[in-house]
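Novice: Chain residues, written in single-letter form:
2 protein chains.
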Amino acid sequence: MHLYSKPRLEVCLSPALLHLFEVKDVVVVIIDIFRATSTIAAALDNGASYVLPVSSVAECIELGTIIDNSVTAGERDGKIVEGLKHGNSPLEYPTSFIQNRPLILTTTNGTKLLHMVDGAAEIIAGSFLNLDAVCNYLLKIGKNVLLGCAAWKDRYNLEDTLFAGAVVNKIGHAFNINCDSARAADHLYETSVRGGFLGVLKDSSHYRRLASFGLEKDMEYCTTPNLHPIVPILKNGKLIVYE
Amino acid sequence: MHLYSKPRLEVCLSPALLHLFEVKDVVVVIIDIFRATSTIAAALDNGASYVLPVSSVAECIELGTIIDNSVTAGERDGKIVEGLKHGNSPLEYPTSFIQNRPLILTTTNGTKLLHMVDGAAEIIAGSFLNLDAVCNYLLKIGKNVLLGCAAWKDRYNLEDTLFAGAVVNKIGHAFNINCDSARAADHLYETSVRGGFLGVLKDSSHYRRLASFGLEKDMEYCTTPNLHPIVPILKNGKLIVYE
Chain A
558 MHLYSKPRLE VCLSPALLHL FEVKDVVVVI IDIFRATSTI AAALDNGASY
608 VLPVSSVAEC IELGTIIDNS VTAGERDGKI VEGLKHGNSP LEYPTSFIQN
658 RPLILTTTNG TKLLHMVDGA AEIIAGSFLN LDAVCNYLLK IGKNVLLGCA
708 AWKDRYNLED TLFAGAVVNK IGHAFNINCD SARAADHLYE TSVRGGFLGV
758 LKDSSHYRRL ASFGLEKDME YCTTPNLHPI VPILKNGKLI VYE
Chain B
558 MHLYSKPRLE VCLSPALLHL FEVKDVVVVI IDIFRATSTI AAALDNGASY
608 VLPVSSVAEC IELGTIIDNS VTAGERDGKI VEGLKHGNSP LEYPTSFIQN
658 RPLILTTTNG TKLLHMVDGA AEIIAGSFLN LDAVCNYLLK IGKNVLLGCA
708 AWKDRYNLED TLFAGAVVNK IGHAFNINCD SARAADHLYE TSVRGGFLGV
758 LKDSSHYRRL ASFGLEKDME YCTTPNLHPI VPILKNGKLI VYE
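Note that the protein sequences, when read in sequence, are chains A and B.
Under my numbering, think of the first position of the first sequence as 558, with each following residue one higher.
Under my numbering, think of the first position of the second sequence as 558, with each following residue one higher.
Read the hints as simulated data drawn from the structure, not as lab findings.
Cβ coordinates follow ideal geometry from the N, Cα and C atoms, glycine included.
Hints are not guaranteed to be accurate.
Said to hold, decoys possible - If the Cβ cut is set under 8 Å, some of the chain A residues that face chain B in the computed set are:
1. L577
2. N733
3. N735
4. S738
5. R740
6. E747
Start from the sequences, fold in the hints, and give me the full structure.
Specialist: The structure is reproduced here in structure tokens:
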């Protein structure tokens with residue numbers, strides 16, 4: 558067995574821990590299940606020309622006035638921001654609405670993490686909606702991988718870790734894993750085998766917060782595997798479909 | 558059901574995340590299973606007059622020359638530090654050796670975290686060796702609780718989280734828990750029901766590192782529940798047995 562010949566796979570549980578990990582020449586998977594990376598997968602699979610992730614609301618509004626036919630969207634604390642037109646629900650972006658339109662997106666956690674990663678080989682967006690597509694991409698590329706959980710204002714969250722665990726469980730055999738976060742994520746994934754992803758996540762901080770806004774349907778959607786089997790990849794600041 | 562009347566319980570997975578938690582007037586449980594808090598429980602239960610946790614090796618050496626009959630001990634990267642007499646193994650501190658002697662201890666992670674916590678109501682040390690004693694103490698005190706994992710150089714580790722999970726599982730019913738780290742720790746604990754604590758931890762970074770130094774016996778000891786049923790509590794900078 559030649560462990561050393563396998564690429565490395567690690568899991569970063571919060572942006573506040575990102576400095577502990579090597580990202581240079583690493584494929585970084587940004588994970589923000591509720592709901593940025595789920596929305597990105599849905600919008601791109603439904604035909605958005607690209608998704609432009611931006612950090613600030615002001616930037617989002619300004620770019621919306623410049624980019625033809627664009628859709629501005631964003632949330633802060635789980636609610637649509639004043640001045641933006643749309644929210645962070647994957648259900649808001651059916652083909653009939655988003656096809657051939659750029660989506661300019663700002664969110665609380667996901668887009669922030671995306672802008673923190675410097676020097677990565679590639680940056681892609683992962684969610685249950687494109688779980689297998691992401692796994693297949695990582696196997697095919699064969700580079701070192703960092704699964705980066707967007708978390709909630711730097712706080713550990715269950716849903717991003719559960720997704721990381723699903724990836725570790727499915728393709729960990731092809732990687733050299735010496736990272737307790739990855740092992741813990743895998744253990745967490747095991748607990749979902751009986752009740753499913755949503756079963757585990759119903760008792761989580763983010764589920765409770767979003768449910769209090771009436772967003773249960775969103776979360777059911779976001780935890781359904783492989784509805785949008787594409788890989789969003791960052792190229793020149795824009796997320797596009799990896800071909 | 559009056560959730561609001563229960564005290565809060567949270568889990569901090571790494572010192573690098575400590576700033577996200579309120580510690581003022583909170584009972585903080587420092588957790589460094591491999592091996593600072595295990596050694597502290599063993600030494601105190603075996604009769605050490607107190608344990609003085611210090612941050613630096615230089616301070617440890619100097620205090621050792623000042624404090625009568627004291628034992629200086631410390632590790633860096635799992636090995637005894639040059640200039641100190643003893644290491645960080647609970648097995649080094651039987652009654653025949655440590656009774657009525659002060660133990661001056663510096664470690665890689667545990668003592669560091671202990672000095673980071675300011676304004677806590679109380680600071681105690683938790684390990685599997687005093688699991689039930691810690692749980693009973695927390696139930697009796699009835700204040701808000703933060704379980705603080707020492708981690709490994711700020712990196713998440715499995716053993717400290719597993720202990721936090723054991724506490725959540727045993728006494729979580731008496732607390733208001735809205736913290737995904739606590740939920741995840743509890744899920745991790747559930748995976749130990751079949752194979753035991755050591756079973757889960759054999760595939761962890763720290764177990765592998767310490768096993769490569771031949772310290773399997775230490776880890777078997779550190780994962781045995783309730784061998785030292787006392788509560789080490791910090792008073793005036795010293796850890797003593799809570800009476």
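Novice: Run every hint past the structure and note whether it holds.
Specialist: Verification of the supplied hints:
1. Annotation: interface hint on L577/A holds; nearest CB of chain B at approximately 6 Å, less than 8 Å.
2. At about 12 Å, the closest approach between the beta carbon of N733/A and any beta carbon in chain B exceeds 8 Å, and the interface hint on this residue is violated.
3. The closest approach between the C-beta of N735/A and any C-beta of chain B is roughly 6 Å, which is under the 8 Å cut-off, so the hint is satisfied.
4. For S738/A, the suggested interface contact is upheld, since its CB lies about 5 Å from the closest CB of chain B, less than 8 Å.
5. Given the 8 Å rule on beta carbons, the hint for R740/A holds: about 6 Å separates it from the nearest Cβ of chain B.
6. Interface restraint check for E747/A: the shortest CB-CB distance to chain B comes to about 6 Å, inside 8 Å, so the restraint holds.
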